[in-house]
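Going down the list, the sequences are from chains D and R.
The first sequence finishes on residue 488 if you use the working numbering, and the numbering steps up by one all the way, no holes.
The second sequence finishes on residue 488 if you use the working numbering, and the numbering steps up by one all the way, no holes.
Treat the hints as calculated values from the structure; they're not laboratory data.
A quick note: this is a predicted structure, and the numbers were derived from the prediction, not measured.
Heads up, a few of these hints could be off.
One copy or two, it doesn't matter: identical chains are merged, so the pair holds either way.
Stated by the list, open to error - List of simulated lysine-lysine pairs, DSBU-like, C-alpha gap at most 30 Å: (1) 461 <-> 203; (2) 161 <-> 38; (3) 166 <-> 461; (4) 321 <-> 41; (5) 283 <-> 38; (6) 283 <-> 41; (7) 401 <-> 203; (8) 161 <-> 133; (9) 401 <-> 388; (10) 166 <-> 126; (11) 161 <-> 126; (12) 161 <-> 41; (13) 203 <-> 166; (14) 38 <-> 440; (15) 165 <-> 126; (16) 390 <-> 91; (17) 165 <-> 38; (18) 461 <-> 165; (19) 322 <-> 126; (20) 63 <-> 322; (21) 322 <-> 38.
Number of protein chains: 2
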Amino acid sequence: MSKTKKFILNENEMPTHWYNIMADMPNKPLPPLHPGTKQPVGPQDLAPLFPMELIKQEVSMEQYIEIPEEVRDIYRLWRPSPLYRAFQLEKALDTPAKIYYKYEGGSYAGSHKPNTAIPQAYYNYKEGVKKITTETGAGQWGSALSYACHHFGMQCQVYMVKISYEQKPYRKFLMNTWGAEVIASPSMLTNAGRQILAKDPNSPGSLGIAISEAVEVAAMNDDTKYSLGSVLNHVLLHQTIIGEESLKQMAMAGDYPDVVLGCFGGGSNFAGISFSFIRENLLKGKKTRIVAVEPASCPKLTRGVFQYDFGDTVGMTPLIPMYTLGHDWIPASIHAGGLRYHGAGAIVSQLLKDKLIEAVSVRQLKTFEAGVLFARTEGIIPAPESSHAIAAAIHEANLAKEEGKQRTILINLSGNGIIDLPSFDKYLNGGLEDYVISDDEIAASTSKLEKLI
Amino acid sequence: MSKTKKFILNENEMPTHWYNIMADMPNKPLPPLHPGTKQPVGPQDLAPLFPMELIKQEVSMEQYIEIPEEVRDIYRLWRPSPLYRAFQLEKALDTPAKIYYKYEGGSYAGSHKPNTAIPQAYYNYKEGVKKITTETGAGQWGSALSYACHHFGMQCQVYMVKISYEQKPYRKFLMNTWGAEVIASPSMLTNAGRQILAKDPNSPGSLGIAISEAVEVAAMNDDTKYSLGSVLNHVLLHQTIIGEESLKQMAMAGDYPDVVLGCFGGGSNFAGISFSFIRENLLKGKKTRIVAVEPASCPKLTRGVFQYDFGDTVGMTPLIPMYTLGHDWIPASIHAGGLRYHGAGAIVSQLLKDKLIEAVSVRQLKTFEAGVLFARTEGIIPAPESSHAIAAAIHEANLAKEEGKQRTILINLSGNGIIDLPSFDKYLNGGLEDYVISDDEIAASTSKLEKLI
Numbered sequence: 036m037s038k039t040k041k042f043i044l045n046e047n048e049m050p051t052h053w054y055n056i057m058a059d060m061p062n063k064p065l066p067p068l069h070p071g072t073k074q075p076v077g078p079q080d081l082a083p084l085f086p087m088e089l090i091k092q093e094v095s096m097e098q099y100i101e102i103p104e105e106v107r108d109i110y111r112l113w114r115p116s117p118l119y120r121a122f123q124l125e126k127a128l129d130t131p132a133k134i135y136y137k138y139e140g141g142s143y144a145g146s147h148k149p150n151t152a153i154p155q156a157y158y159n160y161k162e163g164v165k166k167i168t169t170e171t172g173a174g175q176w177g178s179a180l181s182y183a184c185h186h187f188g189m190q191c192q193v194y195m196v197k198i199s200y201e202q203k204p205y206r207k208f209l210m211n212t213w214g215a216e217v218i219a220s221p222s223m224l225t226n227a228g229r230q231i232l233a234k235d236p237n238s239p240g241s242l243g244i245a246i247s248e249a250v251e252v253a254a255m256n257d258d259t260k261y262s263l264g265s266v267l268n269h270v271l272l273h274q275t276i277i278g279e280e281s282l283k284q285m286a287m288a289g290d291y292p293d294v295v296l297g298c299f300g301g302g303s304n305f306a307g308i309s310f311s312f313i314r315e316n317l318l319k320g321k322k323t324r325i326v327a328v329e330p331a332s333c334p335k336l337t338r339g340v341f342q343y344d345f346g347d348t349v350g351m352t353p354l355i356p357m358y359t360l361g362h363d364w365i366p367a368s369i370h371a372g373g374l375r376y377h378g379a380g381a382i383v384s385q386l387l388k389d390k391l392i393e394a395v396s397v398r399q400l401k402t403f404e405a406g407v408l409f410a411r412t413e414g415i416i417p418a419p420e421s422s423h424a425i426a427a428a429i430h431e432a433n434l435a436k437e438e439g440k441q442r443t444i445l446i447n448l449s450g451n452g453i454i455d456l457p458s459f460d461k462y463l464n465g466g467l468e469d470y471v472i473s474d475d476e477i478a479a480s481t482s483k484l485e486k487l488i
Numbered sequence: 036m037s038k039t040k041k042f043i044l045n046e047n048e049m050p051t052h053w054y055n056i057m058a059d060m061p062n063k064p065l066p067p068l069h070p071g072t073k074q075p076v077g078p079q080d081l082a083p084l085f086p087m088e089l090i091k092q093e094v095s096m097e098q099y100i101e102i103p104e105e106v107r108d109i110y111r112l113w114r115p116s117p118l119y120r121a122f123q124l125e126k127a128l129d130t131p132a133k134i135y136y137k138y139e140g141g142s143y144a145g146s147h148k149p150n151t152a153i154p155q156a157y158y159n160y161k162e163g164v165k166k167i168t169t170e171t172g173a174g175q176w177g178s179a180l181s182y183a184c185h186h187f188g189m190q191c192q193v194y195m196v197k198i199s200y201e202q203k204p205y206r207k208f209l210m211n212t213w214g215a216e217v218i219a220s221p222s223m224l225t226n227a228g229r230q231i232l233a234k235d236p237n238s239p240g241s242l243g244i245a246i247s248e249a250v251e252v253a254a255m256n257d258d259t260k261y262s263l264g265s266v267l268n269h270v271l272l273h274q275t276i277i278g279e280e281s282l283k284q285m286a287m288a289g290d291y292p293d294v295v296l297g298c299f300g301g302g303s304n305f306a307g308i309s310f311s312f313i314r315e316n317l318l319k320g321k322k323t324r325i326v327a328v329e330p331a332s333c334p335k336l337t338r339g340v341f342q343y344d345f346g347d348t349v350g351m352t353p354l355i356p357m358y359t360l361g362h363d364w365i366p367a368s369i370h371a372g373g374l375r376y377h378g379a380g381a382i383v384s385q386l387l388k389d390k391l392i393e394a395v396s397v398r399q400l401k402t403f404e405a406g407v408l409f410a411r412t413e414g415i416i417p418a419p420e421s422s423h424a425i426a427a428a429i430h431e432a433n434l435a436k437e438e439g440k441q442r443t444i445l446i447n448l449s450g451n452g453i454i455d456l457p458s459f460d461k462y463l464n465g466g467l468e469d470y471v472i473s474d475d476e477i478a479a480s481t482s483k484l485e486k487l488i
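Only chain D is shown next, with the shape it has when bound in the complex (with noise of 0.2 Å):
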């Protein structure tokens, strides 16, 4: 007789409120701070970028945010989302752990982007806003937001680091095929482009570039937005409805995990599938381990420093108090392009500091390992993102194993890596290294922080 392999819920039973980790925290985050005055920045300081009720979101200390019957009615074209217990991969691993996976990768866009793609360009939307501007690393944000633009009647800019607009053209073409504005950046539509095409005309990009000439265009023009896809609480938020929905499903499956496991880039997948699990373990005393799982080539959880710092590289963002590599600090090339992010979230950087989650790296190699091992056994190919979190599940199973102990683990299987395929195959042709990052590097980043803490 077989075991269940999916619990699924209905859609009347899809979760309708969001979980607000604020309200719970015993310590909350340290205030972010203007650019220029160091102080506290207020919501007029933000009405330019963001909608007021995102603004409102951003410093909300209620428990539950109900999520607008809008918002549902297209989160219901993916969700809820499926949890599959792993038992292909626990036979090849031949071990007593159990492993879960909740699955993200079957949104439109291939991942959780759009938890919060919709609800940002929903609350746009209803305050009137014509356009949306963003920017995007390998695309994974961009086509996110780009299909929730066009669903609300709002054009969508999407400015794409060159480099990857110019070697990853499949998810510009997602874009476009949504209906967005997908342009190389830099570019010479803004003053920032102009300004970095002016010293260097064969400026490959990055990411600190494309937000400053996304939020220019957005601080420029009344009737446009800027929006964001991690590390904001707003955002975090808004992915929430992952863990609200895998409780309900370990309960199904008559189980619930003695570890819950998040690869980490800006935070949100992370906070995505813990923050309803750490609402357990300090209401309910429950004792589940939550854990971030960074790469070892971006270690800002395991091996940064808690500070004050800037969300982009050149210095426009307020100042956020996170665990921090130092902003302008340029991550190794990895093939896990949304984990390539020098700083992690107020949030999750507070819990960290408080003991209520705990961090670990792994390095490239193994997690495109755990990546292939997974596509082998279980059929679905993983974001190189989300094999972090395989690989340290893996390592969980492994131990348990040694142990001879039982073990219910759950990891957010955050997107698939059909598009990242090309990285695949490298990696089986022995063309992936890891990068060993050294702490002379990161002392001589970090030591450049103005030290407000």
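We have chain D; now place chain R onto it with these hints.
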């Protein structure tokens, strides 16, 4: 109050049997003939290529054939597949029609092909086969079989048309990730390949050549068999799980289709969605229209002849009674590579001859227009093949609007188009064209066929 978008069966509601339409056909298909003797082929003729259980299924007259538990266990990685109501598309069309789509693009390979890859691999494995060879064009079928073989511990050798091998690398990467050996065809590994290369060292290859190479390797090695992804009766049989699920899901929706549409290449996804509904027409007096949708550039059903013809280009396979454009007719290079096949399988051809199904054709630009509208409304990027069914559904919905009548439409969305995004890019930039086939061209090709009917 929102209406349900997705109709999802529990794992324990997944059908336990495939439906064999041969049992209920008023006129059975004529038998396949040996290419040399022109006499009906027997099991012994097919034994070098296929395991006995599949040969039995090829000629079975049993109405239902049980799906082995080992196959169902793997099916449950992605099955039951969801049935969606396309509310967003209906709204964009402003139609009174209701449009449902069965979505097979959520499988590990992104299409319906795993429905037959898994059982084919299973029956080979059960009979001690160590290695399976097959051909693939763009790679949909080859990738489905690669994971299936890996799962059952068999080698998989895929002869991939060289021009696709070079120009469309993503599915090659996919096959490699699942552990298959992918060989650009023509190759130096076979007599067939060497002969072609002796004449033309720069041959771009063709599906016909790739079939010859795969068949040769299987025929020459005792522990190796050959596998085909469409056309044959047992392949269509395995796909009927699509329709069996859809019947249950339409009942969940409290609805029943007036018309069922599937795109048409060799017939497998079309058979999958439609055979169960043909049964309801034949046995229960239902009046659902069943429509195959083919490319206007490859119009075997709407403009071909009904005659015995070879399944491959070079004439090595048995002669099959089929609607055909002639086995050496080369379809234009449309982007729906899966529909570029000169003939239709024996069962579907007989059904069309007996007017139990209809056929229509759609031009390429119309299919991409439909695909983009679908992507911008329902979010899913449809495969160019599946976009044919969408185009026909939109036509039906527009007719319903003109007539001011209700109409319930069901289509098979047989695959997603993520790996086909460059085709969408080309369409959006005006780089695609329609292909018009003249009557003379068709007559010239089909007049060469031996008149055996």
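Here's how the hints hold up against the structure:
no., hint, result
1, 461 <-> 203, "both (14 Å within a copy, 16 Å between copies)"
2, 161 <-> 38, "between (46 Å within a copy, 22 Å between copies)"
3, 166 <-> 461, "between (38 Å within a copy, 26 Å between copies)"
4, 321 <-> 41, "within (24 Å within a copy, 34 Å between copies)"
5, 283 <-> 38, "both (18 Å within a copy, 22 Å between copies)"
6, 283 <-> 41, "both (13 Å within a copy, 19 Å between copies)"
7, 401 <-> 203, "both (23 Å within a copy, 28 Å between copies)"
8, 161 <-> 133, "between (44 Å within a copy, 29 Å between copies)"
9, 401 <-> 388, "within (27 Å within a copy, 57 Å between copies)"
10, 166 <-> 126, "between (50 Å within a copy, 23 Å between copies)"
11, 161 <-> 126, "between (50 Å within a copy, 20 Å between copies)"
12, 161 <-> 41, "between (36 Å within a copy, 27 Å between copies)"
13, 203 <-> 166, "within (25 Å within a copy, 35 Å between copies)"
14, 38 <-> 440, "within (21 Å within a copy, 46 Å between copies)"
15, 165 <-> 126, "between (52 Å within a copy, 22 Å between copies)"
16, 390 <-> 91, "within (27 Å within a copy, 63 Å between copies)"
17, 165 <-> 38, "between (50 Å within a copy, 28 Å between copies)"
18, 461 <-> 165, "between (42 Å within a copy, 28 Å between copies)"
19, 322 <-> 126, "within (27 Å within a copy, 48 Å between copies)"
20, 63 <-> 322, "within (21 Å within a copy, 65 Å between copies)"
21, 322 <-> 38, "within (27 Å within a copy, 39 Å between copies)"
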